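Chemist: Just so you know, the sequences run in chain order A, B and C. Residue numbers for the first sequence follow the numbering used here, beginning at 1 and rising by one. Residue numbers for the second sequence follow the numbering used here, beginning at 1 and rising by one. Residue numbers for the third sequence follow the numbering used here, beginning at 1 and rising by one.
FYI, nobody ran anything at the bench for these hints, they're computed from the structure. As the structure is a prediction and not an experimental result, all values here were calculated from the model. Glycine is no exception: its CB is placed at the ideal position from the N, C-alpha and C atoms. Please note: incorrect hints may appear among the correct ones.
What the hints assert, rightly or not - If we take Cβ atoms under 8 Å as the criterion, some of the chain A residues that face chain C in the derived model are:
1. ARG48
2. ALA49
3. VAL51
4. MET52
Said to hold, decoys possible - Far from chain B by the CB rule (all over 10 Å, computed), these chain A residues:
5. HIS3
6. SER17
7. THR22
8. VAL25
The chain contents come next:
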Amino acid sequence: MEHVGIEPGRLHFSWISSAESTKFVDVAKAVSEEVMSLGPAARLVKKRAEVM
Amino acid sequence: MERYTEEIRKRAGNLLKEGKVDLFIGYAGGSVPMMNRPILVRRPEEAELLQWDSFCGLNLANYLTGCKERIGVIANGCNSRNIVNHIVENQVKREQVYILGVPCTGMIDRRLVSSAVGGKDILSVSEENGTVTVETAGSKEQLNKGDLLQQNCRICTHRNPVIQDEMIGDPVEEQKGLEPFADVSEIEAMAPGERWEHFSRLVSNCIRCYACRNACPLCYCPTCFVDDSRPQWVGKGSDPVDTMTFHLMRAYHCAGRCTDCGACERVCPVGIPLRQFTRRLNRDAWKLFAWEAGMKLDERPPLDAYRPDDCNDFFR
Amino acid sequence: MKGLRSMRTGPTTAMTSSGRARSMKEQVFSKSDWLKRLRALAGSTRIYVPVKEPEFHVFRILGEGVEPDFDYRNTRLSPKAIIYPSSERLFECSLDEKDPACNIFKDVDKDRTPLAIVGIRPCDAHGFGIVQRNFDNPEYKDPWWVSRFESCTLIGLGCSSPGSTCFCSSVGGGPFSEKLLDVLLWDLGDQFMARAVTQKGETFLAQAGGGAEADQVAKKKAEEVEKSAAKRLGRTISADRIRGKKINDLFNADFWEDVAFGCINCGTCTYLCPTCWCFDIQDEVFGKTGDRIRNWDSCMFPLFTLHGSGHNPRDKKVQRLRQRFMHKLKYYQDKYNAGVQCSGCGRCVQHCPVNIDIREVADRMNNV
């Protein structure tokens with residue numbers, strides 16, 4: 001995705017087991033912060049169809 | 001490469017005569033310069049229609065899926081890799097196909113020939129020993145085949161078939177010393193904003209004809225994701241985000257399977273360099289999994305199987 | 001040649017807003033002067049001109065920074081998209097339950113500025129006449145197509161060098177055919193000679209400031225250009241006997257499987273064709289807004305005839321390919337008695353990725 005120009009930091013991957021609740025909270029917080037700091041996504045976001 | 005035509009006609013004719021195959025798929029000459037058309041022949045005498053030249057750029061493996069009969073087919077390097085792919089993905093059985101392997105020195109890009117003569121109306125094109133003669137209304141020009149090759153053929157390292165039942169002609173030397181992923185590095189040199197502009201511009205002319213998808217041997221899904229309606233994943237109109245989504249998702253579906261045959265670029269009516277979508281994924285398959293599609297009949301592709309040592313460093 | 005330049009533009013409502021030009025006098029403009037006058041008109045009219053882009057020519061609206069190139073064979077995509085866009089919002093509605101107009105489809109505001117296509121080729125203009133039978137007839141008038149077409153002036157540029165895949169003259173057209181044109185231009189090298197065909201065309205030329213009257217030299221040159229163009233047309237097609245054949249004889253002919261093998265069922269032929277008109281309606285929702293959108297569709301696509309029940313009468317490739325050529329070369333002839341649904345532009349012949357050639361198919365059908 002970054003290759004086509006989606007800003008680094010928008011897409012995250014993590015392995016979290018259902019038993020790792022603390023990790024889940026930490027990752028959720030970290031991802032939210034990082035994505036929010038990038039601002040609203042403008043690339044590859046479908047709004048109302050851009051047609052004539 | 002032109003000499004193979006006679007051999008191909010003979011061998012295909014024999015296969016049909018001896019009943020080794022029910023049908024044979026190859027190319028016949030086209031009705032306009034620089035075009036060949038895929039044909040299916042069943043009678044030995046029809047083998048006379050077959051031909052092979054540097055304009056056989058479509059991927060015949062595209063016509064194998066769904067066929068239940070015994071098929072004879074011509075295949076060069078990339079096409080034969082797609083046949084391997086089909087076998088690995090259970091689309092066709094090995095015993096079902098009889099492959100006439102053809103070593104390939106590259107296919108010519110029609111567009112390069114056109115621009116070499118300034119876009120003039122081309123009346124005829126012929127080739128001999130690497131020289132291509134182009135006739136327009138007012139001129140006759142001789143061009144070098146090497147200057148006219150498709151982009152994927154320039155960096156091809158598998159010109160010889162990787163699987164065949166019979167070989168037409170002797171193997172050709174594989175190209176060495178190439179920088180196979182220079183085009184990917186070019187994109188990586190751009191900043192994210194630049195990349196987004198670049199790819200958006202690339203698909204701005206896309207008319208959603210789906211020639212790329214339909215020419216691709218990998219795209220054989222009974223219902224393509226773009227044709228789904230419940231749920232509808234992608235809009236069907238010309239909205240730029242929908243169009244970009246189509247191309248990105250199609251590239252993803254080809255990840256680890258694409259043999260870079262170039263058929264997608266060849267058939268695009270508006271000349272979009274579509275391989276730019278799959279090239280990075282091809283490089284990733286190579287770098288992360290040491291994988292080249294369609295080379296091994298007996299190994300599962302990396303996106304098909306989990307191995308403990310699979311690349312993991314992008315996970316937190 | 002006279003016959004080709006007849007004013008048989010189509011039935012009924014063709015050119016309702018314009019009759020034959022009152023004055024048939026030819027005018028000349030120097031090429032640079034012509035461009036200047038077009039630019040002057042570009043404020044009040046959306047003037048489409050052919051523009052050279054890296055891969056091919058395309059029609060763009062004349063404006064600052066847009067340089068026309070009239071020295072072209074033809075655009076990759078036909079200008080049909082100017083009157084009939086590939087995706088168009090037909091209706092919109094609010095999905096907000098608090099809105100009194102909730103769930104009621106309303107018309108969408110459209111740009112009503114008059115249009116002009118300058119430099120359109122006669123085959124593409126002829127194509128509009130064919131499409132007009134579908135969108136503008138006594139039973140049904142498509143408001144979107146009709147309103148745009150009626151406000152559009154077609155200033156055609158005759159073809160001095162037809163291509164080897166052109167066959168307009170064997171389908172009722174010609175490199176200097178006036179069909180559907182309001183003005184016809186001849187390229188005389190450093191100048192254009194123009195003749196108004198309709199009153200709409202006369203108005204356009206008057207608005208452009210009018211040119212000098214063409215002298216004998218110019219008229220002679222134009223005649224020569226026309227004569228040499230006629231000689232250069234590529235292979236012709238023979239479709240004259242198709243009209244008289246029985247539908248079932250054509251439908252059950254044995255060559256369809258052969259022809260259809262290579263077909264990859266893409267939409268290239270359909271989308272590049274100036275005379276194809278099929279579409280699909282899609283409803284899309286975004287937030288509290290609903291849109292009804294019309295998109296081009298192609299009979300080559302597998303899902304074209306998919307019924308709501310799940311049944312697909314044309315789920316085999318050969319059925320779809322047969323349908324395309326039967327429609328264009330037989331059903332359309334039978335229905336409208338106005339020739340085939342093809343204007344001979346040659347785009348499908350050049351760009352079909354597997355080289356299925358309508359000229360060859362027509363020959364086969366003609367000889368059944």
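Chemist: When you look at the beta carbon of SER17 (chain A), is every beta carbon of chain B farther off than 10 Å?
Modeler: Holds, since 13 Å exceeds 10 Å.
Chemist: Does ALA49 (chain A) meet its interface restraint, that is, does its C-beta lie within less than 8 Å of any C-beta in chain C?
Modeler: holds (5 Å)
Chemist: Under 8 Å, Cβ to Cβ, is where ARG48 (chain A) needs to be relative to chain C, so tell me if that hint holds or is violated.
Modeler: Hint holds; ARG48 (chain A) Cβ to chain C Cβ min 4 Å, cut 8 Å.
Chemist: Minimum C-beta separation from THR22 (chain A) to chain B exceeding 10 Å: can you confirm that?
Modeler: holds (14 Å)
Chemist: Taking the closest Cβ pair, is VAL51 (chain A) under 8 Å from chain C?
Modeler: holds (4 Å)
Chemist: MET52 (chain A) was flagged as interface toward chain C. Is the shortest Cβ-Cβ separation under 8 Å?
Modeler: With Cβ-Cβ at 4 Å, under 8 Å, it holds.
Chemist: Evaluate the condition: distance from the CB of VAL25 (chain A) to the nearest CB of chain B exceeds 10 Å.
Modeler: The assertion about VAL25 (chain A) holds, with a minimum of 13 Å to chain B.
Chemist: Grab the minimum beta-carbon distance between HIS3 (chain A) and chain B and tell me whether it stays above 10 Å.
Modeler: violated (4 Å)
The structure fails hint 5 only (numbered hints given earlier).
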